[in-house]
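Engineer: Following the hints, put chains F and X in place on chain R, whose structure we already have.
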Amino acid sequence: MANTITIDPVTRIEGHSKITIYMDDQGAVTDARFHVTQFRGFEKFCEGRPFYEMPALTARTCGICPVSHLVASAKACDELMAVRIPETAVKLRKIINLSQLIQSHALSFFHLSSPDLLLGMDADPNSRNILGLLKSHPEAARDGIALRKFGQSVIERLAGKRIHPAWVVPGGVSRPLTAELRDEILEEIPPMLEIAQRSLETFQGLYEGFEREIETFANFPSLFMGLVTDNDNLEHYDGKLRVVDANRNIVHAGIHPASYQEFIAEAVEPDSYLKSPYYRKIGYPDGLYRVGPLARLNVCERCGTPLADEALRTFRRLSPGAVLSSFHYHYARLIEIIYGLEKTRDLLREPDILDAHVRAHAEPNRFEGVGMSEAPRGMLLHHYRIDEQGLISWSNLIIATGHNNLAMNRGITQAAKAFVKGDKLEEGALNRVEAVIRCYDPCLSCSTHAIGQMPLLIELRNGNNVLDRKHRG
Amino acid sequence: MGSGGMIVLDETSSMVDVAKYFMEFCKSESCGKCVPCRVGTAHMYDLLDKIGRGEGTARDLERLENLCDVVQATSLCGLGQTAPNPVLSTLRFFREEYESKLVREPDSEPALAGEASA
Amino acid sequence: MNVRIVTLSIDGRDVGAREGQTILEVAGENGIEIPTMCNLTGLKPIGACRLCVVEVAGSRKLLSACTTGVTEGMQVTTDSERLRNYRRTILEFLFTEGNHTCAVCVSNGKCELQELARKLGMNHVDVPYRYPRRDVDATHPRFVLDHNRCILCTRCVRVCDEIEGAHTWDVMGRGIDSKVITDLHQPWGSSTSCTSCGKCVHVCPTGALFEKGHSVAEMAKRRQFLPYLSTMRGAKE
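Protein chains in written order, with this note's numbering: chain R, 1 to 473; chain F, 1 to 118; chain X, 1 to 237.
For reference, chain R alone in the conformation it holds in the complex:
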């Protein structure tokens, strides 16, 4: 491993990280590693706090998907209280979770990744961002902004606040939905569905131009993990965990969230603060599995809404088994946006959605609780233990990006081998390596994200000698 390329920080993702590419003396890539360089310590400083604070406290992990943490945390708290929350509260939580999914997917696809897709992987990095896109493809950029705004504004109107709302509470939600707001949102959905379908069509016309990327962007057999409903439909809030293999054969189904430890183990690598979970029954590192939009579509039988199911049928034609290339996370994301809009509409039409009883009250009745939900990036898990006073004595959070850690590492190695050659740095090649990471839309628990202006230093090293250096930003 004579030469090393470091990409630090990785741009157009949410959070701070770097990539190191190792090369042999002949200039061939031998390995690539994805490092998460920030340490947060949430699990530690939650200790001693009343469990009731956990949804709001853990939501602060991230400014991009606070709602996902709110939902998973509140579910874990429901378990501690041992209550069945009102049906209407379940539906309202589902709606806010889907709004989060829509806004996050729109951000990932349009703001962060579509510059690569529409302008090209080798386009000038100065315009290869959402601002450049506004100039060259104003309609696509505006569509993305509109979709994200829709998701954000539903969250804001339901919960009173766009970022870090405290509406989802242990036992349910704090305020019922009003008829005016329901009608308002219902009216906004059809134009959003049009945008989502239009974007999907554009993408379907595009991806064939990215054959090499599809082939090499983390394209390998692996397990996939995600929640499904009792009738095997796509699910983001409730349900049981299911694991399928590369042929979409069920490896394990009906896993109750509380028993996750029987199926998931976590390895710690010395060079990253991100833990590496793996499927316990197969072991480390072969028990690599993927989560998130691609995994969810590979795991479920159908979406359960007409337009999304139609799109899913076309998606299934990509492969007889599971769709394996992580490039298609983008595709899956667009299908999920359609599903999210349709499902929100259906939920809002439920007769009991305006019910005023939306919160159950109880003392803690159990000492341990696990809450699981599907965040935009994949399965999110909160696991708490409390003492007799209801104070947190131990907590474990498994974040979606963590599940994908092993897959991201293998994926960048594959892409680096295909695109990075010799001792000369090609900007477009390195962008492709970064783009693999962007496929997974990792949320590195930080609200910082750049629009092409983050300084990025890439060094190609031979021992201590810098062979080539590129600075952009």
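Hint data in this document are derived by calculation from the structure and do not stem from the laboratory. Check before you lean on any hint, since a few could be wrong.
Said to hold, decoys possible - A few chain X residues facing chain R, derived, Cβ under 8 Å:
hint : residue
1    : V104
2    : A138
3    : G213
4    : S215
5    : V216
6    : A217
Unchecked claim - What follows is a list of derived Cβ distance ranges for each label pair:
hint : chain 1 : residue 1 : chain 2 : residue 2 : range
7    : F       : I7        : X       : Y228      : 49 to 59 Å
8    : X       : P187      : R       : A360      : 20 to 30 Å
9    : X       : S196      : R       : N231      : 41 to 51 Å
10   : X       : T77       : R       : D355      : 50 to 60 Å
11   : R       : R175      : X       : R82       : 43 to 53 Å
12   : R       : E156      : X       : D79       : 33 to 43 Å
13   : R       : R366      : X       : S196      : 17 to 27 Å
14   : X       : D79       : F       : V8        : 38 to 48 Å
15   : R       : E47       : X       : G165      : 36 to 46 Å
Just so you know, even glycine gets a beta-carbon here, dropped at the ideal spot from N, CA and C.
Structural biologist: Relative to the frame of chain R, chains F and X by itself:
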């Protein structure tokens, strides 16, 4: 300090340490009822300690002087009102001793009250 | 009853007052707001937080408006650059002394400390945060005491003693290590004197005392009982 006694020190004594010694006394004698004395003496002690360790900046010295003013003027009883005296008098006569221990200010020192906002 | 009237000036305005009133009361009656924290109408004033300090002509020292009675011809200044600087620093003391994380606090948006910071324009803190390690006592079946958010105003101590008559609360230790305790530093849940009336919770200006089952920003304090109860007790004595 307090009793009207006299203390004789030679030139080897660090005046910052002397002030810190008296501040430690005031900090532990503070009853804790009023805010300026309870919290101010603790902050002044910490700043004197920081400057004494050679880690204080010019900004810290400025802070210290401001705290002396606040604690002296607003404390409820004589203990707090006189607690800053050893700092103020050592500063009046031996200011260069304080200044010789300062380090250069880092370029930026973020002290935003993120926690005060909703 | 024979009430003597005194005249004085506050911020250059001539005002009349009844003898025995405090500067704070008279200022309030005349629409002049002086920041306070430990003071609460209905409880005995103690002049501890020092936020209400005012300048009085002829007095070398600053005086706390909540404990200083008005006198004939008194000239009071409630607002000046100097006083604003002092009040801000005292407020910073309160914020840096404990661990006040508004974002996850039950009293967010309903907190007197937070509201005062907003009023006094405290947009940053100049003194370093102390980040003390403090406990949470959730042993009481209905209430929680979070020492991290306690500013030692002792309203809980006074309401329990003066109004409820239980005197469950007290202050232990001294200086920066002071803390409020129940009974003789026993867990609140095992207190034999506490009547669980909840008055302490509702007079607490921050989220240090709160009812269980409230999430972020949900703990609204209700104080309507206090003027009524203190008047009733005053009439009895």
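Engineer: If a hint holds in the structure, say so; if it does not, say that too.
Structural biologist: Hints, verified against the model:
Proximity of V104/X to chain R holds as hinted, the smallest CB-CB distance being about 5 Å (cut-off 8 Å). The beta carbon of A138/X comes within 4 Å of a beta carbon in chain R, closer than 8 Å, and the hint placing it at the interface holds. The criterion of a C-beta within 8 Å of any C-beta in chain R is met by G213/X, whose closest approach is roughly 6 Å, and the hint holds. Contact between S215/X and chain R, as hinted, is supported at the beta carbon level, the nearest pair being about 4 Å apart and thus within 8 Å.
The closest approach between the C-beta of V216/X and any C-beta of chain R is roughly 4 Å, which is under the 8 Å cut-off, so the hint is satisfied. Against a cut-off of 8 Å between C-beta atoms, the interface hint on A217/X holds, since the closest Cβ of chain R lies about 6 Å away. For the pair I7/F and Y228/X, the beta carbons lie near 57 Å from each other, so the given range of 49 to 59 Å is met. Roughly 28 Å separates the CB atoms of P187/X and A360/R, a value that falls within the hinted 20 to 30 Å.
Separation of S196/X from N231/R is about 49 Å and conforms to the stated range, judged on CB atoms against 41 to 51 Å. The given range of 50 to 60 Å is respected by T77/X and D355/R, whose C-beta atoms sit roughly 58 Å from each other. Separated by about 46 Å at the C-beta atoms, R175/R and R82/X satisfy the suggested range of 43 to 53 Å. A beta carbon spacing of about 38 Å between E156/R and D79/X agrees with the range 33 to 43 Å that was offered as a hint.
The hinted window of 17 to 27 Å between R366/R and S196/X holds, with their beta carbons roughly 25 Å apart. Against the hinted window of 38 to 48 Å, the Cβ-Cβ separation of D79/X and V8/F comes to about 46 Å, which satisfies the hint. A hinted range of 36 to 46 Å holds for the C-beta pair E47/R and G165/X, which are about 38 Å apart.
Comparing the model with each numbered hint stated earlier shows that all of them hold.
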